[in-house]
Amino acid sequence: MSLLHWAVLSPFLLAIIVPILYKLFRQIHTGWFVLILPILLFTYFSRFISLTKQGDIIMESATWIPSLGIHVDFYIDGLGLLFALLITGIGSLVVLYSIFYLSKEKEKLNQFYVFLLLFMGAMLGVVLSDNLIVLYSFWEFTSLSSFLLIGYWNERERSRYGAQKSLLITVLGGLSLLGGIILLSIMGNTFSIRELIAQSGELMDHSLFIPALLLVLLGAFTKSAQFPFHIWLPDAMEAPTPVSAYLHSATMVKAGIYLVARLSPVFAESGLWFWLVSIAGLITLFWGSFSAIKQTDLKGILAFSTISQLGLIMSLLGLGAAALHYESFGENIYLAATVAAVFHLINHATFKGSLFMVAGIIDHETGTRDIRKLGGLMQVMPITFTVAVIGAFSMAGLPPFNGFLSKEMFLASMVNVLELNIFNMETWGVLFPVAAWVASVFTFIYSMIVVLKPFTGKLQLQLLDKRPHEAPVGMLISPIILASLVIVFGIFPNLLSSRIIEPAVASIQPSLAGPDFQVHIAFWHGFKPEVWMTVGIIAFGILLYKTLPKWQKITRWIPERISLNALYDNGVRGLDRSASSVMKFLMTGYIRTYLLSIFLFFILSLGFTLYWKDAFKLDTGNFARIGLYELILAAIIVIGSIAILFARSRLTSIIILGAVGYTISLFFVLLRAPDLALTQLVIETISVSLFLLCFFHLPLMASRKEERMTFKLNNALISIGVGVIVTLIALSAHSNKLFDSISNYYLENAYKEAGGKNVVNVILVDFRGLDTMFEITVLSIAALGIFAMIKLRLTGRKDKS
Amino acid sequence: MKQNDLILQTVTKVAAFVILLFAVAIFLGGHYSPGGGFVGGLMTSAAIVLLLLAFDIKTVTGILPIDYKLMIGSGLLISSLTVAGGLAFGVPLMTHVYHYVDLPLLGHISLHTAVLFDLGVYLVVVGVTMTIIQTIGESE
Chain A
0 MSLLHWAVLS PFLLAIIVPI LYKLFRQIHT GWFVLILPIL LFTYFSRFIS
50 LTKQGDIIME SATWIPSLGI HVDFYIDGLG LLFALLITGI GSLVVLYSIF
100 YLSKEKEKLN QFYVFLLLFM GAMLGVVLSD NLIVLYSFWE FTSLSSFLLI
150 GYWNERERSR YGAQKSLLIT VLGGLSLLGG IILLSIMGNT FSIRELIAQS
200 GELMDHSLFI PALLLVLLGA FTKSAQFPFH IWLPDAMEAP TPVSAYLHSA
250 TMVKAGIYLV ARLSPVFAES GLWFWLVSIA GLITLFWGSF SAIKQTDLKG
300 ILAFSTISQL GLIMSLLGLG AAALHYESFG ENIYLAATVA AVFHLINHAT
350 FKGSLFMVAG IIDHETGTRD IRKLGGLMQV MPITFTVAVI GAFSMAGLPP
400 FNGFLSKEMF LASMVNVLEL NIFNMETWGV LFPVAAWVAS VFTFIYSMIV
450 VLKPFTGKLQ LQLLDKRPHE APVGMLISPI ILASLVIVFG IFPNLLSSRI
500 IEPAVASIQP SLAGPDFQVH IAFWHGFKPE VWMTVGIIAF GILLYKTLPK
550 WQKITRWIPE RISLNALYDN GVRGLDRSAS SVMKFLMTGY IRTYLLSIFL
600 FFILSLGFTL YWKDAFKLDT GNFARIGLYE LILAAIIVIG SIAILFARSR
650 LTSIIILGAV GYTISLFFVL LRAPDLALTQ LVIETISVSL FLLCFFHLPL
700 MASRKEERMT FKLNNALISI GVGVIVTLIA LSAHSNKLFD SISNYYLENA
750 YKEAGGKNVV NVILVDFRGL DTMFEITVLS IAALGIFAMI KLRLTGRKDK
800 S
Chain B
0 MKQNDLILQT VTKVAAFVIL LFAVAIFLGG HYSPGGGFVG GLMTSAAIVL
50 LLLAFDIKTV TGILPIDYKL MIGSGLLISS LTVAGGLAFG VPLMTHVYHY
100 VDLPLLGHIS LHTAVLFDLG VYLVVVGVTM TIIQTIGESE
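Just so you know, the protein sequences line up as chains A and B, in that order.
Taking numbering that gives the first Met the number 0, the leading residue of the first sequence gets 0, the next gets one more, and so forth.
Taking numbering that gives the first Met the number 0, the leading residue of the second sequence gets 0, the next gets one more, and so forth.
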């Protein structure tokens, strides 16, 4: 365990303590305690900037399951560090913001911060682990903690709906990612990302390469809300605004981006990767920006804008991958796409984070987020307005903000696609810059909606729940910091380029970004096509924004009931319905039905296996001699079993059953197994008394007083079948011995290794002690289950009477 | 269950003690002769069940005011701590340590961490059986 391990573990440890702190210091907002951790982590991680700048990689290992090749290896390179800084940096600001956003009187703060810390730790684990299985575990942990955060206001129906939707979709992707990871490990014989990258050349030719690629991409696309899996993100907006700012714009949704970037060196040589990633990204970019315009909820607009921006980054990563696939073409052009992706990732975190916080402030101070009700807030909230202008203009891609720079680089990369004149690129490749341009126009429009609709126009007080006023200072700190970053990164972009962007790009494309690779982001780069495209975007954007009411109806041309959301809803409903119909068929409420199906399955599956494996060979040579005592006991058991069938009352049959059990324990005595005999005797005693207790309390069946059961051929056949199968298995197991008996090992080693002479007990507590551990756990659960069931039923009855 | 069976009650008073003592004996001797936590626990519950049958539940809870659910929990805790204990010394899970000592009166006996694990099993078994029997017996 190194310091790095503790750093990843620390949020989880703090999560354990938070509820205690919450209870102890009720008068202090719990957020203050939580705030310390991300700040500490941020300073800790920023120490690595100088190391990764030189191309160093920090690697710390710890073993977890060495026999399966699963190690908790964390490593920091440019890409991992960039994400770690985002997670802890934005995390600090979000926690600070949440202290003022969530009231300590009304909210369940302990739960909120526990979930948030779990999420922070999981996210750090995702971006820092080298082992794919460890990465996957943390990955699913982010889904779970985001589920809890989205459903934080679990009394609201929409919150529960959104939480379930995000969980279903992201976990579906997570499972597919797991499949991809397993295929990768089969191909490369390792779970380590670095080792997989090292052998990427050989992996290409493997037959499992394409399936692995598709499965991994499905995981990344669901997480990063790419079309058509984006539908969960708008519903996730039911979470408290700090959560939306953190998870749904800055960190979790970027996990998919991270995964694509991280595994680019493994997959990027395949053309399929380039096509899938860039086209999925472009469609998402276009569809997200198009859908954002028809939203009326401020957070809804931001959600769709996040979807579209994620698509933008994704498409840039795809184009960057083209550099590896189409080696002969000017590499720097495609490397530029990756640079743009990384740069925009940072920019998006800053401007979208501040915009979400602005939306939260508006919601908090006016009581609504509906842009149809809002207006004229400029006069009452000047600071918030300023932050909103900076964020939105950066999102729209206007100078001098950082969004402008990365948008220019994005447009430049899209234009560069035209130079890639292979396949049908000359014809179809035109679609890349065209789609990018159209999407950018929409982006401009929704950015304007975000800032102009709530803040300009007339203030309609009668529509608002509260009388609006400027937000408290504490709530403004975080958005102001983010907005200043937007400006600083916009004016001095090269603050980032050598420290953060170069190392990150070098880890995404190690083979291309050599030692002399340098990023220089220029503010003005001459009259290139992208500048004219930006001019066009602004001109068309203003024109379309002015005429918005006239054409906005077109955006609603797809009716709700054939949308992807409806597809999802119908799917979930259909699943519910078919599950309940299967339940109704199987769960009749009669134990007889359950036993019938269990026994039928037992007979068929085992009978078939015996037949299939030809296991009927009976070897009678090894049988023990049957003596007088055994015969007598066997006779007693047979007679007892038959007598049960003819018993006239429940009590009689229970007692006869007990007698059969005692006789069996006598068998153990004869066969010199005192432990078994002892256990069987006591168990029999206790179970008979338990049965008696149960039946004592059962109501007498009023109509047919303890009547004998009628003979049913089906039941008889099934019970005879079970008996025959069990006998056959016993005989067959005795006759076909594939391996030597293990008992000699235990006999030899019980005293030597475990210092015990009673082999049975040594096996129970030592050799197979973990089995015992889990058995007693299961027993405890069963006992508590019975307790809860009976006690709950009793209280229910009391309520009725 | 309300019962009034004089012979059963008189015999039980003696027999329950004998059974309990026997249960403790086979629990402690488990590693060397037939017995152990599982059987010992069952035997103990058998003694308590005998008491329950002879007297009613109220009387027995008066004599043995034990929360059996708590007993399950403590048993699980003891066992899992023994399982995890090895980790504190840098050895794999479930590693046991034993040592022989000679004590006056008792003679040559073994001190074994396995008995701690077994104690947990014992408590869980008693707790589980008694929880089940008590809840079913009480629900009228």
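Calculated from the structure, these hints are not laboratory results.
Take the hints with a grain of salt, since some may be wrong.
What the hints assert, rightly or not - Simulated pairs of lysine to aspartate or glutamate, EDC-like, Cα-Cα distance not exceeding 16 Å:
1) A:736 <-> A:568
2) A:790 <-> B:101
3) A:372 <-> A:296
4) B:57 <-> B:137
5) A:22 <-> A:139
6) A:790 <-> B:55
Claimed, not checked - Here are the computed distance ranges between Cβ atoms for each label pair:
7) B:7 <-> A:672: 49 to 55 Å
8) A:493 <-> B:80: 55 to 61 Å
9) B:72 <-> A:35: 33 to 39 Å
10) A:634 <-> B:80: 47 to 53 Å
11) A:12 <-> B:69: 27 to 33 Å
12) A:644 <-> B:63: 36 to 42 Å
13) A:735 <-> B:69: 44 to 50 Å
14) B:94 <-> A:271: 29 to 35 Å
15) A:774 <-> B:69: 18 to 24 Å
All values reported here derive from a predicted model rather than from experimental measurement.
Ideal Cβ positions, reconstructed from N, Cα and C, are used throughout, including at glycine.
Hint-by-hint comparison with the structure:
For the given pair, residue 736 (chain A) sits about 54 Å from residue 568 (chain A) by alpha-carbon distance, which is inconsistent with the 16 Å threshold. At most 16 Å may separate the alpha-carbon atoms for a hinted pair to count; residue 790 (chain A) and residue 101 (chain B) exceed this at roughly 50 Å. For the suggested pair residue 372 (chain A) and residue 296 (chain A), the alpha carbons sit about 10 Å apart, so the restraint of at most 16 Å is met. Taking the CA atoms of residue 57 (chain B) and residue 137 (chain B), the gap is about 9 Å. The hint holds against a cut of 16 Å.
Simply put, residue 22 (chain A) and residue 139 (chain A) have alpha-carbon atoms about 29 Å apart, too far for the 16 Å limit, and the pair is violated. Under the criterion of a C-alpha separation no larger than 16 Å, the hint pairing residue 790 (chain A) with residue 55 (chain B) is inconsistent with the structure, at around 19 Å. Taking the beta carbon of each, residue 7 (chain B) and residue 672 (chain A) are about 32 Å apart, not inside 49 to 55 Å as hinted. For residue 493 (chain A) and residue 80 (chain B), the Cβ-Cβ distance of about 57 Å falls inside the hinted range of 55 to 61 Å, so the restraint holds.
Residue 72 (chain B) and residue 35 (chain A) have their C-beta atoms about 34 Å apart, which keeps the hinted 33 to 39 Å range intact. In this structure the hint that residue 634 (chain A) and residue 80 (chain B) lie 47 to 53 Å apart at CB holds, the actual value being about 49 Å. Between residue 12 (chain A) and residue 69 (chain B) the beta carbons are some 28 Å apart, a value that agrees with the proposed interval 27 to 33 Å. Between residue 644 (chain A) and residue 63 (chain B), the C-beta spacing of about 40 Å keeps the proposed range 36 to 42 Å intact.
Between residue 735 (chain A) and residue 69 (chain B) the CB atoms are about 49 Å apart, so this pair conforms to the stated range of 44 to 50 Å. Between residue 94 (chain B) and residue 271 (chain A) the Cβ separation comes to about 50 Å, which falls outside the hinted range of 29 to 35 Å. The hint said 18 to 24 Å for the Cβ distance between residue 774 (chain A) and residue 69 (chain B), and at roughly 20 Å that hint holds.
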